[in-house]
Structure formats: structure tokens, C-alpha cells
Amino acid sequence: MKFLIALLIVIAVVGIYIFISSMRLKKAVTNLTQDEFIQGYRKAQLIDLRETKEFDAGHILGARNIPSTQLNARYKEIRPDLPVYLYCQNTGRSARAALTLKKRGYNQIYQLQGGFRTWTGKIKSKA
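Mapping of the sequence shown onto UniProt numbering: position 88 corresponds to residue 88, and the numbering continues sequentially without gaps.
It is possible that some hints are incorrect.
To be verified - Restraint ranges, calculated between C-beta atoms of paired labels, are given here:
| # | residue 1 | residue 2 | range |
| --- | --- | --- | --- |
| 1 | Ala73 | Ala12 | 30 to 40 Å |
| 2 | Gln113 | Lys76 | 34 to 44 Å |
| 3 | Lys102 | Lys43 | 37 to 47 Å |
| 4 | Thr33 | Lys124 | 20 to 30 Å |
| 5 | Leu61 | Gly15 | 33 to 43 Å |
Quick caveat, the hints were computed from the structure, so don't treat them as lab data.
Cβ coordinates follow ideal geometry from the N, Cα and C atoms, glycine included.
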């Protein structure tokens, strides 16, 4: 019986954590469909958060590569007064990056819904 109570408490705590994380994320970033993303990214800073090898294999035309693993050291390369359009392969890295940028005072943060894997627009590759 004690085991079941402990298990229920753990499940409740995890559920609360997931709920709070999703609420923080909704306040930090706006998800955009590909069409919405295309309409705005040319007037914004387009940041590809994937690693260099992924970026070189193919990226959205006009994107700058700042791997998410380097964001804490390189965030000053991104202007806080302009909109920031983020994408990664799926949206996990871009969501975490949005939270990081929001903490540093960036307010206009957008992410490509579904990530690069769903992108059907123009791409550029170094290969």
C-alpha cells in the first residue's frame, strides 16, 4: 500500500512538472506553421540550432547556424530587438533554446512547428 501511495505521489509530481514546463514554453515561444514561418523569417533572424554536420547536410536558405550546445556562449550574436525564428530537427532543441533566450530578455521568439524534418521549402546544402 505504501508503494502505491509513493507511486501516485511520483506520478503527480511528474505531471505537475510537465504542466508547468509546457506553460513556460507557451509563454516563451510562438509555434508557426511552415506558411507562417515563411511569411516572417526573411524579416527576422533565422537560427538553425542543429549541429554543424546537420546544418551542412541541408538547411533553410538564409539560416545562421548556432548549435544549441553553443547557445549559452553565443547568444549575444542574436539581436534582442529583432524577431528570432528558431528551428531544429524536431522542436526539442528549439523549445529549450527559446526558454534560454526568454530568460535573457528576448521577447519575439518563434519556432517552426514540426522542425526541419517537416520543411518542404527551399534548402541549401554544402555537400
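**Report entry** Cβ distance range 20 to 30 Å for Thr33 and Lys124, holds or violated
**Finding:** Check passed, 22 Å falls within 20 to 30 Å.
**Report entry** Assessment of proposed distance window 34 to 44 Å (beta carbons of Gln113, Lys76)
**Finding:** At roughly 27 Å between Cβ atoms, Lys76 and Gln113 fall outside 34 to 44 Å, so the hint is violated.
Report task. Could you say whether the range 37 to 47 Å given as a hint is met by the Cβ separation of Lys102 and Lys43? Result -> Once the Cβ atoms are compared, 20 Å apart, the range 37 to 47 Å for Lys43 and Lys102 is violated.
Query raised in the report: Do Leu61 and Gly15 keep their Cβ atoms within the hinted range of 33 to 43 Å?
Result: Because 41 Å falls inside the window, the suggested range holds.
Query raised in the report: Does the hinted range 30 to 40 Å hold for Ala73 and Ala12 at CB?
Result: Since the Cβ atoms of Ala73 and Ala12 sit about 37 Å apart, the hinted range of 30 to 40 Å holds.
In the structure shown, a violation is registered for the earlier hints numbered 2, 3, in ascending order.
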